[in-house]
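The listed protein sequences derive, respectively, from chains A and B.
In terms of our numbering, the first sequence is residues 1 to 581.
In terms of our numbering, the second sequence is residues 1001 to 1169.
Hint data in this document are derived by calculation from the structure and do not stem from the laboratory.
Source: prediction; values computed, not measured.
For every residue, glycine included, the Cβ atom is placed at its ideal position computed from N, Cα and C.
Hints should not be assumed to be uniformly reliable.
Far from chain B, some chain A residues (derived; all Cβ distances over 12 Å) [as the list claims (entries may be wrong)]:
1. Arg52
2. Gly66
3. Pro79
4. Lys227
5. Gly228
6. Pro564
Incomplete in silico selection of chain B near chain A, CB under 7 Å [what the hints assert, rightly or not]:
7. Leu1037
8. Phe1051
9. Asn1057
10. Val1062
11. Gly1084
12. Pro1085
13. Tyr1120
14. Cys1123
15. Ala1126
16. Ser1128
17. Val1132
18. Ile1135
19. Gly1141
20. Val1154
21. Thr1158
Here chain A is said to cover these stretches of chain B; the calculated rule only asks that three of the stretch's residues, wherever they fall, bring their Cβ under 8 Å from a Cβ of chain A [claimed, not checked]:
22. 1006-1019
23. 1092-1102
Residues per chain are reported as follows:
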Amino acid sequence: MATFEELLQEAQRRHHELESGERPWIRVGTAVCGEAAGALPVVEAFRAELERRGIAANVSAVGCLGLCYAEPLVDILKPGRPRIFYKSLTPEQVPGLVESYLAGDNPRPDLALAYTGDGHVEGIPRLEELPMWSRQVRIALRNCGHIDPLDIHQYIARGGYAALCKALSVMKPEDVQKEVQTSGLRGRGGAAFPTGTKWSFLSRSPGPVKYILANCEEGDPGAYNDKGILESDPHTLVEGVILAGYATGASNGVVFIRHGHEGPIHRTEQAIQQAYGLGLLGENILGSSFSFHMEVSLTGESYVAGEETALMESIEGKRAMPRYRPPFPAAVGVWGHPSNINNVKTLSYVPEIISRGGEWFAGIGSESSKGTAILCLSGNISRPGMVEVPMGTSLREIIYEAAGGAPGGRSLKFLQTGGPLGGLLHADQVDIALDFESMARAGAILGSGGIIAADEDACAVDMTRLLVAFCQYESCGKCFPCRLGMTHLLEVLERMCRFESRPGDMEVMRHIGQDMAAGSLCGHGQLGWNPVQSALRQFSQEFAAHMEEKRCPTGRCLGPIFTPQRTRARWVSAQPVEMKV
Amino acid sequence: MISNHGDLRERIRGALANQRARTVTLLSSLLAIEDELGYIPPQAIEEVARFTHSTINDVWGVASFYPNFRFTPPGEHVVEVCWGPTCHLLGAQRLLHAVLGALALSGEGDTPDGRVSLKYNTCLGACSQGPVVSIDHQVLGPQAVGALSGEALVERITEMVAELEDGSV
Ligand SMILES: Cc1cc2nc3c(=O)[nH]c(=O)nc-3n(C[C@H](O)[C@H](O)[C@H](O)COP(=O)(O)O)c2cc1C
Ligand code: SF4
Ligand code: FES
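Please model the entire structure based on the sequences and the hints provided.
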């Protein structure tokens, strides 16, 4: 097996060839945001046009740079030139661009978004000056959009697996854990629990078989940053999981992803396989005495599968229904073995924390929330995308300056944050710092980082109904306060949207909400009242208009909405099954 | 369409024996069959029970919990429309209305001729491009179908869906 030094040299040699070789290097963003914007035909158009003209170039399908508003986003690095990004390209524009810039030397400022690197290109702004980029500090996203996620050498060439090499050669497991403690890293999956402390529970549990589970269920609609990391830079997660394993004395890692999201699934499977191939996973990693194994586990469609104990049930192949606690996962987890669950983003910070030290990470962000926030901005916003900014950045700056506010000169009305169990922030509340505590104080949560912007046309009651419809659909059904409570809440909200509210409906809702919070088994039911409560707090008049004046101030919630039905007992029992035992 | 039952069993057993999952479970087995056939036929329930040493009841229990499993063959094309909050704000319900109209359906399900299956999705993961749909597992937003306004998108997607339904693609 090669030493890390040898791996690094080989990776750097290859990377140097790509970055400063004779051939142009063309990178096309093909994460799901790129795909949805039509990137795949653009890649094809490049390949065809280069071949037709006999131009030798390297074409890589990279992940998501986060500037999703400019997808399909393509960048070209030509020898001796800075790297130029082209925005919203269509296949029809490709031959012209190849002709002007690759056959000729006209960088086509009319099609360009920005450039980066040494040198200057007239008529194109620098990437670092774009409002969406200038505020970013990219740690977990450092490689996203820059490297080919299917090529481990590119990850290594940009400093990948150096942290693992450092940990295995000069650090004891408790040193790694201490570095993470010092960093102040808190979980990015929703509850913001200190990661170092969580790891210390697992390290105290007896082995030899212990699990690190990386949670990429990511059921929150409006958030796609976990999948974004796996699609764009899966090795950063793989390395993070191995480091977590080393720090806690674990033997196995599982990356948990929802079936159907083929981009992240395939790229993670490949990354794991490549890491095995280079001796970065398996027995005696990099010649050390540490051995660690990793695999991908797929779940069916279920939001609650992202809850940590339901996740373990799902890995074991069962219905994703939460378990009773105690015992806690660090004592009895998946397959009965001690386990630690972390979100993808949380684990993706770890390699850089180990490389640069916990103090460095703790120096970024705000007093209580260290490091960065990885946000997905979507909805009625001019520049939707995925950004990584220091915790404590002003929310106003992100929404208005980075993302450009609502499009078409309209004004924003509210922000829906932290997933369906999160809350609504009134547009007047944007003058807060973006960190765990400030968001919670304002009655919303940062959660997994999804921020959905709604403009003046949106109806807060309609949005609340939609969120509750989601929560009702996704209730796993194990405990009645949530199963029946969500259904009843939805009924009341449906009535409200039809202007058929009955006297006392508000009271009924509050009672249900309180009962759900008090009596539900898992966070889904416990927090299920949050979206309603925060909407009521911010938009009580709008609720009153629906209930008492029988009208919607925005005229948005006329008629029923289409939502799926989860219960399919009819279908199931219609299937005759021959019992042959 | 699958012609005879022997073939079907064979394909089920093949899928079970060659799963992508390293750790084989009841759920991974069902997902493998879903990938292979697009649905879970009654024979698969038996085969999975045998393969994973579970009861028929256990297998139904898991299969009926996750809404990605279906129990009848899917239509030739699968259309998914996102109804998540981002897409909702960007006009998903109008899109859904139009698609339902084009397929003459009143909700999720299959067209009577078996050409198209319609499914709602809670989030296709491309929220930045909303409102999005997926047609035969390819995720498409306004830019990809060349529709810059909401109306143009509704029109273009409806056209595409109608083409799937009348067999011109
Ligand atoms: C209903 C429900 C759904 C959840 N979904 C997710 C999810 O999709 N991804 C995630 O990382 N955490 C999710 N969580 C939180 C996890 O239970 C767990 O706290 C988290 O993965 C721990 O990681 P962290 O410490 O790195 O934040 C969910 C919790 C609940 C109650
Ligand atoms: S609170 Fe809801 S999701 Fe959680 S266990 Fe109970 S029914 Fe299931
Ligand atoms: S909400 Fe529609 S793709 Fe996420």
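Could you tell me which of the numbered hints above are not met by this structure, giving the numbers in increasing order?
2, 4, 5, 6, 7, 8, 9, 18, 20, 21, 22
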